[in-house]
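**Q** Spelled out from the first residue to the last, the chains are:
2 protein chains.
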Amino acid sequence: MSEKQKIFFAELQPYLNRLQQHLAEFGNEERIPLFYDPIHYILKLPGKRIRPLLVILSALTCGGKLESALYPAAAVELLHNFTLVHDDIMDNDDLRRGQPTVHKKWDIGTAILAGDGLMGLAFKKLLECPEGDVLTMVRRFTEVMLIICEGQGMDKMFEMEADVSEEKYLEMIRRKTAVLIELSCELGAITAGTDQANIRLFRRFGHALGMGFQIQDDFLDIMADEQALGKKVGSDWMMHKQTILTIKLRQRTQGNINDLSFEEFRELLKDQRIVKEVEELYQAYFRDAFDALNTLPQNSYNRSLKELTSLIQNRRW
Amino acid sequence: MSEKQKIFFAELQPYLNRLQQHLAEFGNEERIPLFYDPIHYILKLPGKRIRPLLVILSALTCGGKLESALYPAAAVELLHNFTLVHDDIMDNDDLRRGQPTVHKKWDIGTAILAGDGLMGLAFKKLLECPEGDVLTMVRRFTEVMLIICEGQGMDKMFEMEADVSEEKYLEMIRRKTAVLIELSCELGAITAGTDQANIRLFRRFGHALGMGFQIQDDFLDIMADEQALGKKVGSDWMMHKQTILTIKLRQRTQGNINDLSFEEFRELLKDQRIVKEVEELYQAYFRDAFDALNTLPQNSYNRSLKELTSLIQNRRW
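First to last, the protein sequences are chains A and B. One point on numbering: in our numbering, the residue at position 254 of the first sequence is 256, and numbering is uninterrupted. One point on numbering: in our numbering, the residue at position 282 of the second sequence is 284, and numbering is uninterrupted.
Derived by calculation from the structure, the hints in this document are not laboratory data. Certain hints may be false.
Intra- or inter-copy, both count: the list cannot distinguish identical chains.
As the list claims (entries may be wrong) - Cut-off 30 angstroms, straight-line C-alpha distance, at most; resulting in silico cross-link-like pairs (DSSO-like, lysine-lysine): (1) Lys170 <-> Lys106; (2) Lys170 <-> Lys107; (3) Lys170 <-> Lys126; (4) Lys107 <-> Lys158; (5) Lys46 <-> Lys158; (6) Lys6 <-> Lys106; (7) Lys158 <-> Lys106; (8) Lys67 <-> Lys243; (9) Lys50 <-> Lys234; (10) Lys243 <-> Lys106; (11) Lys67 <-> Lys8; (12) Lys308 <-> Lys107; (13) Lys308 <-> Lys8.
Note that the structure is a prediction, hence the values are computed from the model and not measured.
Work out the full structure, taking the sequences as your base and the hints as a guide.
**A** What follows is the structure in C-alpha cells.
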C-alpha cells in the first residue's frame with residue numbers, strides 16, 4: 003500500500019476494530035470447534051474490508067448511526083467470505099491472501115460446512131440490526147445472494163463456451179462482483195433511514211464502483227507492473243480465463259488467441275487499441291461513481307467515500 | 003408403502019401438486035442451466051415431502067390458508083434439499099433415492115453451488131409469503147439453518163471421538179433432524195396467524211415427532227427386517243457410525259464393540275435390554291407428539307397429522 007492509502011485506512015481503523023468485534027464471536031464456539039474454527043480462520047485473514055467500509059460510510063453520509071450500520075457491515079463481510087470459501091473449493095485454489103485456503107487447511111467437507119455457516123451467520127447479523135427497515139434489507143440481501151450464485155454459475159459456464167459476448171461478460175461480472183458492492187452501499191443507506199432518492203443514488207454509486215473495480219481488475223491482471231501488483235501478472239491468461247480483454251481481442255482478430263505467447267497477447271491488445279478502450283470503459287464507471295457521490299449529501303463521510311473510490315481507481319494492485 | 007400409506011398420501015396429493023408448482027420454476031432457468039439444472043434434478047427426485055406436508059397441515063389445523071402455507075412449505079423443502087446436496091458431498095454418497103447424487107451426476111463444484119442456490123431460494127420463497135409475520139418466520143428460519151449446520155459439525159466431530167455421551171448424541175440429532183421438523187410445524191402455525199400457545203404446542207409436536215423419527219431411524223437401521231426396510235440393514239454399523247444403540251452398548255459393556263460381528267452386536271443389544279430401552283425412548287417421543295396434537299384444535303387436518311404421525315411410528319422403512 004502507498005503512504006496515502008495507509009493514512010486513509012488508519013483513519014478508518016476504529017470502524018474496522020468495531021467490525022472485527024462483530025465477527026469475533028457467535029456463541030457456540032467452544033462446543034463445536036470443527037464448525038467455528040474454520041469460520042474464525044477465514045474471518046481473521048487480513049483483508050481490506052472494502053464492503054463493510056462502504057456500508058458504514060454510506061450510512062454515516064446519510065446521518066445514520068455507526069452502531070446500527072455495523073450489523074449490515076458484518077453481514078456483507080460474512081456473505082463475501084461465504085463466496086470466497088466455496089469459490090476456492092470450486093477453483094481448487096490452495097492459497098488465499100498468502101495463507102492456505104480452508105479446504106486445504108481442513109478438508110472439502112469442512113470447508114463446505116464453513117461456507118454454509120458463514121451464510122447463516124450473515125443472515126443472523128442482518129436480522130439483529132436494531133434500526134432501519136430490516137425486512138427490506140433481508141429481501142435485498144436474499145436477492146443479491148442468489149444473483150451472486152447465478153453469476154458464479156455463468157462464470158463456470160463460460161469456461162466451456164468458445165465465444166462469450168461482451169454483453170454477457172459484463173452481465174456476469176455485474177452478478178459476481180458489482181451487486182455485492184451495490185448492496186453494501188444500499189444497506190448502509192437503508193439502515194440510516196434515508197429517502198428513496200438517496201438509496202437509488204447509493205445503488206448507482208455502488209454499481210459503478212463495482213463494475214469499474216472488476217474491469218480494472220481484469221486489466222491489471224494483464225497490463226500491470228508485476229512488482230506493483232504484488233502477484234504474478236497474467237494469471238487469468240494462464241488459466242485461459244475469459245476476460246473483457248480476451249473477448250474483445252477474439253472479436254477483433256477472429257483467430258485462435260490461445261496459441262499466442264503472453265507477450266504477443268499484450269502487444270496485440272495495444273495494437274488493436276483494446277488497452278485504451280478498456281481503460282476508457284472502467285474510467286467511465288469510476289466517473290459515474292463520483293457523479294453519484296456528488297449528488298449525495300456532502301460531508302466528511304462522503305469525502306471518505308470519494309477518497310476510497312479514488313484509491314481504488316488509482317490502485318496498482 | 004402399505005395400502006394404508008398409499009391411500010393417505012393419495013389424499014394429500016393435491017397439496018403436493020401445488021407444492022411442486024412452487025418448486026418447478028424460479029426465473030432464470032433458461033439463461034443459467036448449469037446453476038438451475040442440478041437444482042431441478044434434486045427437487046424432482048421422489049420423496050415423501052413430510053416436512054412441507056407438516057407445514058401445510060399445521061397451517062390448515064389452525065384455520066390458515068393453503069395458498070399462504072405453500073410458501074413456507076416450499077421453503078422448508080428447499081432447506082432440506084440444501085442439506086441433502088451438501089451432506090452427500092461430505093459423506094461421499096453416490097446414490098440418493100436410487101439416483102446419482104448431484105456431485106456424481108455433475109461434479110463437486112456444481113453441487114456446492116446448487117446447494118448454495120437451494121438455500122437462497124429457500125429464503126426467497128419464505129420472504130414471498132403473503133400472510134403471517136414474515137420477519138418472525140425469517141428469524142426462526144435463520145436460527146434453524148444455523149442449528150442444522152452446527153448439528154452437521156457435531157456429527158462430523160463424533161466421527162473422531164471415542165466415547166460420545168447419550169446426552170450429546172441426543173443434542174446432535176435434535177440439531178440435525180428434529181429442529182427442521184419442529185420449524186415446519188411452527189411456520190405452518192405462524193402463517194395461520196394463530197396464538198402463541200398454539201405455536202408452542204406445534205413446536206412441541208414437531209420436536210417430539212422429529213426426535214422419535216430419528217431415534218427410530220437408528221433403531222430400524224440395525225433391527226429392521228431387511229426386506230421391509232427396502233435397503234440393507236446395518237449401514238450405520240458398517241460405517242462405524244455412532245448411534246444411540248452403539249453409545250448405550252459401549253457404556254454398558256465398557257469394551258471395544260467394533261470387533262463384534264453384526265449378528266453378535268444385535269444379540270448383545272437384545273441381551274443388554276438396549277433394544278427395549280430404545281424402543282421405549284422413541285415411543286415416549288411419539289406419545290408426546292400425540293399429546294400435543296390432542297391439545298390443539300380437533301378437525302380433519304389435525305386427524306391427518308395424527309395419521310401421519312402414526313404412519314411414521316409404525317413404519318418399517
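**Q** If a hint holds in the structure, say so; if it doesn't, say that too.
**A** For each hint, the structure was consulted:
1. Lys170 <-> Lys106: Close across copies (29 angstroms), not inside one copy (33 angstroms); limit 30 angstroms.
2. Lys170 <-> Lys107: between (35 angstroms within a copy, 27 angstroms between copies)
3. Lys170 <-> Lys126: Between. Shortest inter-copy distance 25 angstroms satisfies the 30 angstroms Cα cut-off; intra-copy 33 angstroms does not.
4. Lys107 <-> Lys158: both (24 angstroms within a copy, 16 angstroms between copies)
5. Lys46 <-> Lys158: both (28 angstroms within a copy, 24 angstroms between copies)
6. Lys6 <-> Lys106: neither (35 angstroms within a copy, 51 angstroms between copies)
7. Lys158 <-> Lys106: For Lys158 and Lys106, both the intra-copy (21 angstroms) and inter-copy (17 angstroms) Cα distances are at most 30 angstroms.
8. Lys67 <-> Lys243: neither (42 angstroms within a copy, 50 angstroms between copies)
9. Lys50 <-> Lys234: within (20 angstroms within a copy, 53 angstroms between copies)
10. Lys243 <-> Lys106: Both: 23 angstroms inside a copy, 25 angstroms across copies.
11. Lys67 <-> Lys8: within (25 angstroms within a copy, 58 angstroms between copies)
12. Lys308 <-> Lys107: This pair counts as neither: shortest intra-copy Cα distance 38 angstroms, inter-copy 48 angstroms.
13. Lys308 <-> Lys8: Result: close within a single copy only, 16 angstroms intra versus 66 angstroms inter.
The structure fails to meet hints 6, 8, 12 from the earlier list, while all remaining hints are met.
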